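In case you want the letters, here they are:
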Amino acid sequence: MQNVQFWGETLRLVVEIAATVAFAMSGVMEAARKKLDAVGVCVVGFLAAFGGGTLRDLLLDQRPFFWVRHVEMLWGVLALCLLAMAFMRGRHFAPTAKAIQWPDALGLGLFAATGVHQALLLELPALVAVLMGLITGVFGGVLRDVVCNEIPTAFHDHRPYAVCAFAGGWIYVGLWHMGAPGWLALVACVVVTAGLRGLALWRNWQLPAWRT
Amino acid sequence: MQNVQFWGETLRLVVEIAATVAFAMSGVMEAARKKLDAVGVCVVGFLAAFGGGTLRDLLLDQRPFFWVRHVEMLWGVLALCLLAMAFMRGRHFAPTAKAIQWPDALGLGLFAATGVHQALLLELPALVAVLMGLITGVFGGVLRDVVCNEIPTAFHDHRPYAVCAFAGGWIYVGLWHMGAPGWLALVACVVVTAGLRGLALWRNWQLPAWRT
Amino acid sequence: MQNVQFWGETLRLVVEIAATVAFAMSGVMEAARKKLDAVGVCVVGFLAAFGGGTLRDLLLDQRPFFWVRHVEMLWGVLALCLLAMAFMRGRHFAPTAKAIQWPDALGLGLFAATGVHQALLLELPALVAVLMGLITGVFGGVLRDVVCNEIPTAFHDHRPYAVCAFAGGWIYVGLWHMGAPGWLALVACVVVTAGLRGLALWRNWQLPAWRT
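Protein chains in written order, with UniProt numbering: chain A, 1 to 212; chain B, 1 to 212; chain C, 1 to 212.
Please keep in mind that the hints were generated in silico from the structure rather than gathered at the bench.
Do not rely on the hints blindly, as some may be mistaken.
Repeated chains share a single entry, so a pair holds when one copy, or any two copies, can fit it.
[To be verified] EDC-like mimics (lysine to aspartate or glutamate), calculated; alpha carbons at most 20 Å apart, straight line: (1) Lys35 / Glu123; (2) Lys98 / Glu16; (3) Lys98 / Asp157; (4) Lys35 / Asp157; (5) Lys98 / Glu9; (6) Lys34 / Asp157; (7) Lys35 / Glu150; (8) Lys34 / Glu123; (9) Lys98 / Glu123; (10) Lys35 / Glu16; (11) Lys35 / Glu72; (12) Lys98 / Glu72; (13) Lys35 / Glu9; (14) Lys34 / Glu150; (15) Lys34 / Asp61; (16) Lys98 / Asp61.
This one's a predicted model, so the numbers in the text were calculated from it and none came from an experiment.
Chain A extracted, bound-state conformation:
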């Protein structure tokens, strides 16, 4: 039993680090495309990696922020941004963007789950909890795109992203209200969110568009 918990914790840590790296890299690459300077690359990397969780904590009035409790994550993302500036070149962008799709999908699931989890602990209504999950998963990318003066990708590329987190969030809330154990709700939320996102990428699903 101890062992299971240990492996669970380790697995979660690995997923969390992979997801944060994927989110930060998405910011670094967008900043590079926009020809920002070294400061801009780091700031946009930070916004993409930590923006969603920070907005969640701000809305839920939770302090200290998770990056204050785990300040080593700030150092890690700072190092990642500087290393990317030193070693990454334009020709690495397309393969990197392809490679980070999978940890990014996992991160979407994991971040959404943490948002739903915290909102449920505060006894917020079901829809609010699901929206908190969606905000945690999606708004890092939204802040990244707003600062880079783009319409957020999550809102106009017609591939399901936020809706996966929305669906996964309802799974979490459903299991929670049925009295399922916490780890099961968390795992189910991550699996459903990341699975839907993976299917959407693989089958090239499209969101309904406005019919003018």
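Keeping the supplied structure of chain A fixed, place chains B and C upon it in accordance with the hints.
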């Protein structure tokens, strides 16, 4: 007397719902113009409807947010966005934009009044209370425009919008400090704000521009 | 001794007012370039002057905001914006932009120092304190540029700005942890930040760019 209060409450509820619908529709139409997908349409609708009040509560450190206390408003706006996607077409845009000007003006007045009211309850200085009213009424639209990668309409279309809320806010503060009953200050603020906005639309008033 | 403290307080007040004026003017001029109306000019001036400090207080959960405690600063910036609209013309822009570089550099240092100071009082980790200083000094300008639909200057003009505040922040944290008196740490932070910024302007230093 009971009756007066009942009708007052009902009237306020009707105005509030009409205003929220008007604000959400302004977001839905801007999102459609920018060709956002279904997620984008809903998010921009939510930002326009709830952004200003949420920013007010965040700045004043008020929890729970009003949309946590009235979660049925979230469901309503979600349904509104999805219905708009299903039934609204490009040719409906111009008449809708014209029709929502009036509930929008009422909403500006009502939202500004709630902002001033909350700030006065917290005993904040007069100018701060007026600014909180302005932020509540105006920043939903600002967030909508920023996410859609536009300069906020409220800041560059040269028709008085925020200044109406500014004027109405001072009426509220003035009546409050003269010891007038709360409902009178609220009604006066809404009437002055919405009235000035209506006059500005009708007489086509222009704000002073920068003379280069 | 009394005298020294008096002159210290007075000096700080003078620097603070000069810096706030410089920050507000940067907002006013950007709003004018974007042809915003009177409301837009005032809002962007306010965002540039008060945005960074407000974001700091929001993240650190400090209330009341500094502009609630010093409401005369709100009145001052409002008057400044209106006076600029009345008397400033296009031909004043280039000399004003040049003239405000120096109070702006001082303001960057002073605002960064207040951010670091507050974070250290809350016993936050060193890197978080330095980032709070950076956010306080830089994000007023970031909000100004985002609302004006530009990529923030601080992130893409390749002249050191935020990195000066970053360096100055570490000086503050270093002296604080060595037990130096508070005023010394503050002065050192301001001198290092403003000095580096001044050198960067004078010698035309460039930040490393992305090599594609």
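The hints, checked one at a time:
1. Lys35 / Glu123: neither (44 Å within a copy, 36 Å between copies)
2. Lys98 / Glu16: within (19 Å within a copy, 46 Å between copies)
3. Lys98 / Asp157: Answer is within: at 16 Å inside a copy they meet the 20 Å cutoff, but 30 Å across does not.
4. Lys35 / Asp157: The answer is between: 10 Å across copies meets 20 Å, while 22 Å in one copy does not.
5. Lys98 / Glu9: Close neither inside one copy (28 Å) nor across copies (55 Å); limit 20 Å.
6. Lys34 / Asp157: both (19 Å within a copy, 12 Å between copies)
7. Lys35 / Glu150: both (14 Å within a copy, 13 Å between copies)
8. Lys34 / Glu123: Classified as neither: same-chain Cα gap 42 Å, cross-chain 37 Å, threshold 20 Å.
9. Lys98 / Glu123: The answer is neither: 38 Å in one copy and 41 Å across copies each exceed 20 Å.
10. Lys35 / Glu16: Classified as neither: same-chain Cα gap 29 Å, cross-chain 33 Å, threshold 20 Å.
11. Lys35 / Glu72: neither (28 Å within a copy, 40 Å between copies)
12. Lys98 / Glu72: Neither: 27 Å inside a copy, 40 Å across copies.
13. Lys35 / Glu9: neither (39 Å within a copy, 42 Å between copies)
14. Lys34 / Glu150: both (10 Å within a copy, 12 Å between copies)
15. Lys34 / Asp61: neither (33 Å within a copy, 33 Å between copies)
16. Lys98 / Asp61: neither (36 Å within a copy, 39 Å between copies)
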